[in-house]
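Q: Join these two chains into a complex; the hints should help.
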Amino acid sequence: MQSLDVISINLWQILISLINLLLIFFIIKKFLFKPVKKLFATRQAELDDRYASAENAEKQALVNKDAWEQKMQSAEAEAKTILQSATENAKYRGEKIVEEARTRADSILRQAEIEASLERKKAEDGIRREIVEVSGALTEKMLGREINTQDHRVLIDSFIDEIGNEDDTDR
Amino acid sequence: MEEKHRLFVAVDILYICMMVLPIVFGIVLRILTAPPTEGISITGARILFTVPMPIQDLPITEAQVNSWLVMISITGLCLFLTHGLQIRKVSKRQHLAEWIVEKLDNMVRESMGEFFMVFSPFIAAIFALSAISSLSSLLGVYAPTADVNVVAGWGILVFILITYYKLKGGLLNYLKGYTEPIAVMIPLNILGEIATPVSMTFRHYGNVLSGSVIAVLIAAALQALSSLVLGWLPGFLGDIPFLQIGLPAILSLYFDVFSSCMQAYIFAMLTMLNISGGFPQELYEKRMEKKLARKKKAAESI
Chain A
77 MQSLDVISIN LWQILISLIN LLLIFFIIKK FLFKPVKKLF ATRQAELDDR
127 YASAENAEKQ ALVNKDAWEQ KMQSAEAEAK TILQSATENA KYRGEKIVEE
177 ARTRADSILR QAEIEASLER KKAEDGIRRE IVEVSGALTE KMLGREINTQ
227 DHRVLIDSFI DEIGNEDDTD R
Chain B
-19 MEEKHRLFVA VDILYICMMV LPIVFGIVLR ILTAPPTEGI SITGARILFT
31 VPMPIQDLPI TEAQVNSWLV MISITGLCLF LTHGLQIRKV SKRQHLAEWI
81 VEKLDNMVRE SMGEFFMVFS PFIAAIFALS AISSLSSLLG VYAPTADVNV
131 VAGWGILVFI LITYYKLKGG LLNYLKGYTE PIAVMIPLNI LGEIATPVSM
181 TFRHYGNVLS GSVIAVLIAA ALQALSSLVL GWLPGFLGDI PFLQIGLPAI
231 LSLYFDVFSS CMQAYIFAML TMLNISGGFP QELYEKRMEK KLARKKKAAE
281 SI
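Protein sequences, first through last, are from chains A and B.
If you're matching positions, the first sequence starts at 77 in this note's numbering and goes up one per residue.
If you're matching positions, the second sequence starts at -19 in this note's numbering and goes up one per residue.
Just so you know, these hints were derived from the structure itself, not from any lab.
Don't be surprised by glycine CBs; every beta carbon is placed ideally from N, CA and C.
Some hints here could point you the wrong way.
[Unchecked claim] If you only want the chain A side, here are some residues facing chain B, beta carbon under 10 Å, derived:
no., residue
1, V82
2, W88
3, L99
4, K105
5, K106
6, F109
7, K113
8, L115
9, E122
Looking at chain B on its own, in the form it has when it is part of the complex (with noise of 0.2 Å):
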């Protein structure tokens, strides 16, 4: 009993490890990375090696490490709430964990239906990992979601599934669905049906990017009016920018907390609404019903 105990406190020692450590590592690869200069720069993530590859390289950037990061750290909280998982006696992270599962089966079964309760797992992954990705930023990490690959990788995933769920009322079905209302409309649906993906993405990615770009130009902006204001002071005291305390604090409580977690909630709500709003329901039944009646026609011939 008290052996079991012990082991069982160990693997959640584990697990914790699982969450924290990434974040940690990339937090140290981000300061060991740092470019010497100290100025003001707005680019993209840094890119730590490139890997050659047919058609374009491969850069593995701080985005793309962190991501991964990100990953790990989302599979061990996966597996630190599901730990010691019991009927009765119910522990914390245990309703932590039953809480998220069943908000998002609510969420899943109120926005898009029954037929689609697949997908609350894959709601959760874009959520948990779209809100902790941006998130990081907190902690002075890249934040993932500021790399536009990333997010456009998210949006493509989300349009081969829009596609794969219209195409369910068949080939014909869903191209007539772009002459739709005159034929004429072709080339402006096709360009609505492409739309949906890039402005997700680019909304996502906007929202973050733009963030960590105020961020810099008002921290920017407060050392220059530091200088200029408090650079009387005497000896070091003149250098120190001491305007930079609060104000972008609070821009980042805004900037990272509520738009981390707007933006990945806005992400999967419009991914379940494009899913489940493009879905012909009425079509698919009347397909199903028709292989139906073909395949009790084909046994009964047999």
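Next comes chain A alone, as it looks inside the complex (with noise of 0.2 Å):
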């Protein structure tokens, strides 16, 4: 087997290795970066398209807030206003419902009173003419004679409005 001397040039060698060079360029380029390229590129891609579809997420859900927002703002002054009718509408009601009962109450007191009163009256009455017949008896009794109870009627009357009188002065 022959070999070649430690330093010996030959053209067509040397084109040769230039070719390799070349070629190997061209692999590495075709296998190694342009598939890790692309690769990057997809990458930064999806990423960016992740980002933006979260800043849209993000802007929808500020927008979402702000509307739930306002609506909560609503419903409190709602429920404010409903508050206040509700207090307003029971404390007339309230009102009212004492209002009557008070008017109730005066009447039945009134109603007793006339009743009361009108008794009274009946017993005095009953009283009066009792003392009439009594007194009449007594004085029948004591003239010996018969008194037409008629005429003396207003005798008599008089003479215990009297006596009632000076009870009262009395008293």
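A: See below:
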């Protein structure tokens, strides 16, 4: 087996080596750099996409939040008005009820008073009549004669009234 | 799903075979073509056969074959690394592929600038070819970079690229560059221009070759020392060069591993610096502006 000298220049070998380097350049470019660069690009694109969608979602969320806040505020106001009207209503009703109760109580009281006074008058009249009769009978006995009750009635009445008045002043 | 997975694994195995088999083939070829005599000889690559060509016959040597094998290996590696790329659930090899691409992009961006970003696969090619070619000597294969012709091809390609980017500033400006600072300097400038690829080539080639030469010399010296010191051992024990154990391994760690990576890095770095350093950016931009203005004028006149 022959060997080359340690230094032996050969044009064809140089040319082949040059072409070899070019070839390996194209091979590395096509099989290593191109796929990896493509991968980087797609990854970047996906990342950008993600960011964009996240930003959109955030924006949407903010809009939703605003809407909800507004809704909440209006709901609060509504609740407030409802509460106010309810309390007012309740107050009004309560007052009405109390008033009604008072008027009714008043009417009952008045009726009771009227009844009581009527009763009293009746009793007074009864007593007076009795007294007239008793005093008539007593006088009859004392005088020994019959008294016309009808005739003396006025007299007796005035008498009793006098007694009653005396009683009243005495008391 | 199961079938898909099986297919994926099968393709993976194919790529791994594509990476490993060429190197195995290189080792086998080395062993098969080994000369019968085990003398100490420092020669170039073995010639497998010669192809008659005009001007100069083309000997197909070990270095040539090995460089093709390394190329196939690199292709397999690229295919393997980028097999099954995914946006999420990134695998280890994808991490490696992304790391390589990002690192190289950053390196090129830092030392060459944004304009030369197309160069990152080229730098990757130089780096991979140089480093893996040199490292293949670890496996006993003749390193393609120990052949001056292989590295000279790369150097000439780099020289062509340097000149191409220098010419982007205009032919007149390029020629004027040789007369600076004074016209007397023309020969020296031309020499300097040519010296760039030559120095790059010989630096790389010399480093790798000297590594293997030193390894051979040390192995021979150790063998001699071993037979001198331990020759009294009975029987075949005396023939075993015990002193060869250890020291060559440590030296190979420097000459093969460190030096290979270092030279690949230096070659890639010099390529970047020379190309971007020679590129006259201001002149190029001026020319582009002029061209644009002319185009505009032409468009307006129409």
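Q: Now, for every hint given, state plainly whether the structure supports it.
A: Hints, verified against the model:
1. V82: holds, 5 Å
2. W88: Since the shortest Cβ distance to chain B is 4 Å, the answer is holds.
3. L99: L99 of chain A check passes; min Cβ-Cβ to chain B is 7 Å, inside 10 Å.
4. K105: Result: holds, 4 Å to nearest chain B Cβ.
5. K106: K106 of chain A check passes; min Cβ-Cβ to chain B is 8 Å, inside 10 Å.
6. F109: holds, 5 Å
7. K113: Constraint on K113 of chain A satisfied, holds at 7 Å.
8. L115: Because about 5 Å separates L115 of chain A from the closest Cβ in chain B, which is inside the 10 Å limit, the hint holds.
9. E122: For E122 of chain A, the interface hint holds, since the closest Cβ of chain B sits about 6 Å away, which is under 10 Å.
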